[in-house]
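Enquirer: Residue numbers (my numbering), protein chains in the order written: chain H, 1 to 112; chain W, 1 to 491.
Since the hints were derived computationally from the structure, they do not count as laboratory data.
Where is the CB? At the ideal position from N, CA and C, for every residue including glycine.
Distance condition first, Cα-Cα at most 20 angstroms in a straight line; then the derived SDA-like pairs of lysine to any residue:
no.: 1; chain 1: W; residue 1: LYS161; chain 2: H; residue 2: SER82
no.: 2; chain 1: H; residue 1: LYS23; chain 2: W; residue 2: PHE226
no.: 3; chain 1: H; residue 1: LYS23; chain 2: H; residue 2: ALA91
no.: 4; chain 1: H; residue 1: LYS23; chain 2: W; residue 2: ILE165
no.: 5; chain 1: W; residue 1: LYS161; chain 2: H; residue 2: ARG107
no.: 6; chain 1: W; residue 1: LYS161; chain 2: H; residue 2: VAL103
no.: 7; chain 1: W; residue 1: LYS161; chain 2: H; residue 2: THR24
no.: 8; chain 1: H; residue 1: LYS23; chain 2: W; residue 2: ILE168
no.: 9; chain 1: W; residue 1: LYS161; chain 2: H; residue 2: THR84
no.: 10; chain 1: W; residue 1: LYS402; chain 2: W; residue 2: LEU283
no.: 11; chain 1: H; residue 1: LYS96; chain 2: W; residue 2: VAL164
no.: 12; chain 1: H; residue 1: LYS23; chain 2: W; residue 2: ILE154
Derived contacts from chain W toward chain H, CB cut-off under 7 angstroms, selection only:
no.: 13; residue: PHE130
no.: 14; residue: GLU137
no.: 15; residue: SER148
no.: 16; residue: ARG153
no.: 17; residue: LEU156
no.: 18; residue: ARG157
no.: 19; residue: ILE160
no.: 20; residue: ILE163
no.: 21; residue: ILE167
no.: 22; residue: SER171
no.: 23; residue: VAL174
no.: 24; residue: ILE175
no.: 25; residue: ALA178
no.: 26; residue: SER182
no.: 27; residue: GLY230
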Amino acid sequence: METLMTITAGVLFTVGTYLILSKTLLRIIMGMSLFTHGVHIMLMAINGLKRGAAPLLGEEAESYTDPVPQALILTSIVISFSLTAFSLVLAYRTYKEHGTDDVEQLRGQEND
Amino acid sequence: MTNLAVLPIVTPLLFGVLLFFVRYRIRLQMGLATAGTLATLIFSALLAHTVSKDGIQVLHVGGWEAPYGIPLVADMLAAILVTISSVVTLACLLYAFHALDDERKRNYAFPLMMILLCGVNGSFLTGDIFNLFVFFEVMLLASYVLLSLGGGRIQLRETIKYIVINIIASSLFVIAIAYLYSITGTLNMAHIAQRIAELGQDGLTTTVSLLFLTVFGLKSALFLFFWLPGSYSAPPAPIAALFAALLTKVGIYSIIRTFTLIFPHQPQITHEIMMWLAGLTMLLGALGVIAYWRIKQILAYNVIVSVGFILFGVGVASEAALSGAVYYLIHDMIAKALIFILGGAIISIAGTDKLREISGLIHFRPILGWLFFLSALALAGVPPLSGFVGKVMILQGGVQAKAFVLVALGLLSSLLVLYSVMKVFINSFWGETLLSEGEEKSTGKGALLPSLILAALVVGFGLGAEEILAYVRQAVEPLVDPSIYIEAVLS
Numbered sequence: 001m002e003t004l005m006t007i008t009a010g011v012l013f014t015v016g017t018y019l020i021l022s023k024t025l026l027r028i029i030m031g032m033s034l035f036t037h038g039v040h041i042m043l044m045a046i047n048g049l050k051r052g053a054a055p056l057l058g059e060e061a062e063s064y065t066d067p068v069p070q071a072l073i074l075t076s077i078v079i080s081f082s083l084t085a086f087s088l089v090l091a092y093r094t095y096k097e098h099g100t101d102d103v104e105q106l107r108g109q110e111n112d
Numbered sequence: 001m002t003n004l005a006v007l008p009i010v011t012p013l014l015f016g017v018l019l020f021f022v023r024y025r026i027r028l029q030m031g032l033a034t035a036g037t038l039a040t041l042i043f044s045a046l047l048a049h050t051v052s053k054d055g056i057q058v059l060h061v062g063g064w065e066a067p068y069g070i071p072l073v074a075d076m077l078a079a080i081l082v083t084i085s086s087v088v089t090l091a092c093l094l095y096a097f098h099a100l101d102d103e104r105k106r107n108y109a110f111p112l113m114m115i116l117l118c119g120v121n122g123s124f125l126t127g128d129i130f131n132l133f134v135f136f137e138v139m140l141l142a143s144y145v146l147l148s149l150g151g152g153r154i155q156l157r158e159t160i161k162y163i164v165i166n167i168i169a170s171s172l173f174v175i176a177i178a179y180l181y182s183i184t185g186t187l188n189m190a191h192i193a194q195r196i197a198e199l200g201q202d203g204l205t206t207t208v209s210l211l212f213l214t215v216f217g218l219k220s221a222l223f224l225f226f227w228l229p230g231s232y233s234a235p236p237a238p239i240a241a242l243f244a245a246l247l248t249k250v251g252i253y254s255i256i257r258t259f260t261l262i263f264p265h266q267p268q269i270t271h272e273i274m275m276w277l278a279g280l281t282m283l284l285g286a287l288g289v290i291a292y293w294r295i296k297q298i299l300a301y302n303v304i305v306s307v308g309f310i311l312f313g314v315g316v317a318s319e320a321a322l323s324g325a326v327y328y329l330i331h332d333m334i335a336k337a338l339i340f341i342l343g344g345a346i347i348s349i350a351g352t353d354k355l356r357e358i359s360g361l362i363h364f365r366p367i368l369g370w371l372f373f374l375s376a377l378a379l380a381g382v383p384p385l386s387g388f389v390g391k392v393m394i395l396q397g398g399v400q401a402k403a404f405v406l407v408a409l410g411l412l413s414s415l416l417v418l419y420s421v422m423k424v425f426i427n428s429f430w431g432e433t434l435l436s437e438g439e440e441k442s443t444g445k446g447a448l449l450p451s452l453i454l455a456a457l458v459v460g461f462g463l464g465a466e467e468i469l470a471y472v473r474q475a476v477e478p479l480v481d482p483s484i485y486i487e488a489v490l491s
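Take these sequences, add in the hints, and give me the full structure.
Expert: Written out as structure tokens, the structure reads:
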């Protein structure tokens with residue numbers, strides 16, 4: 001199962017990188033979002049999926065699943081959610097202000 | 001156990017949140033922001049004093065003992081940096097009171113600056129590597145908003161680039177933390193360091209450390225600085241000054257912390273790479289410094305040169321070089337804020353940042369002119385100002401480590417830095433005045449108080465080097481011997 005998850009993460013990284021390298025702002029933001037999802041899945045997979053009972057004291061099991069990666073992912077999801085929301089608003093404002101969403105035309109010019 | 005270590009984080013956060021509720025009462029906002037930053041400064045200075053007396057202060061947040069909970073670790077390095085950050089933020093705030101327009105003041109510029117300070121202080125004080133990521137994000141999110149605030153065309157364009165770079169860097173940061181967690185099974189930096197020291201730093205761990213170097217390199221503009229000149233020249237001067245003084249420095253601090261505490265075992269790979277990257281950063285930064293005729297660009301490239309210089313000291317990693325790096329880091333935070341504030345004042349008086357269109361400002365702004373001259377000398381490391389001590393110690397360390405090429409690069413870049421700031425000074429202050437009295441775009445008086453405070457510090461840190469060095473030596477002790485830090489956290 002870990003292998004499958006790792007491959008999934010790899011696919012997400014690939015698609016994310018492809019989208020980030022494209023030229024429209026919306027695609028770039030989608031790409032970053034997918035990239036972050038890839039990170040989360042990988043974080044879960046490389047630290048081992050379900051290894052035992054839920055990490056609660058009452059379970060009295062032989063082994064417990066490590067809760068730390070899940071806590072990290074939860075934090076990271078919240079952060080990436082807010083970042084995606086902010087960058088969408090920013091991209092919209094930039095589009096309104098510049099009249100284009102093509103990053104090629106958003107280069108810094110020497111004299112402005 | 002003392003709660004003192006959390007106060008430099010909580011105070012700016014509480015005041016920042018409070019400021020959101022008094023949006024339209026600008027005078028009240030100014031008062032509260034000043035009070036909040038002053039309080040942070042006092043708590044930080046108290047913290048530094050306590051650390052100098054009683055050694056490293058560790059606070060296990062919520063009573064969860066290490067390695068399970070998140071510790072806040074105030075060693076001397078963190079305590080000094082927190083104190084200097086508070087001073088610099090105070091100076092930038094004082095300048096912002098005058099230099100920011102009402103529109104920005106009403107739209108949460110001050111609360112965001114406080115929250116930025118919260119993120120910066122948190123990054124310095126935390127002892128948990130994932131918590132470091134979280135505080136990085138707090139700081140960065142505030143910086144995204146500050147950078148785009150006002151919504152000019154250039155600002156929006158540069159914010160897009162800045163945000164894309166930083167989101168990708170943050171993703172890589174989480175990946176690096178995930179790898180490190182799967183290798184060591186812990187997130188507490190002291191605990192990670194202990195486990196890596198026991199297991200030995202094998203190839204896999206070294207690879208992960210290079211990923212960390214890439215991430216912090218992106219954040220601190222070590223070689224991967226292509227985003228910096230654009231985004232640091234876009235926002236208004238007080239905000240640019242805050243960015244130049246604090247943001248890259250947090251990246252540098254993270255490199256110092258991780259590579260002295262967690263990954264010090266393979267210096268022939270990691271530190272060697274870091275040194276050459278630092279050399280290239282100095283060289284390319286210095287080329288940028290001499291290439292431009294616009295104040296904003298020249299100052300932005302100056303940030304890059306000093307990042308290279310500090311990390312050269314970190315790469316050498318001897319006691320002398322590390323002391324120099326820490327000293328220079330402290331100096332650079334103050335000097336960069338100072339020169340950005342003064343540069344901003346020049347631009348606001350002349351109404352342009354093109355050097356060829358500014359001339360003769362000394363005739364009606366003599367104090368500003370001499371302050372700029374002083375800060376230019378400090379930036380280049382002329383004795384007896386604060387840049388000199390750090391520079392000498394880093395170069396001494398470099399010579400002892402026989403890194404002669406890099407020492408030469410360091411000296412060359414200092415020379416070019418001196419040339420570039422003198423170019424700004426001569427062009428904007430000397431010569432025939434192009435503006436007659438009353439024609440200037442603004443008075444530039446708002447810059448005087450904050451720059452006098454910072455200039456006093458620059459002179460004081462140069463003349464009182466012996467006093468400061470005692471603190472710096474204490475800051476370097478846990479860097480040279482990580483077991484001091486580890487024992488303080490885990491016992």
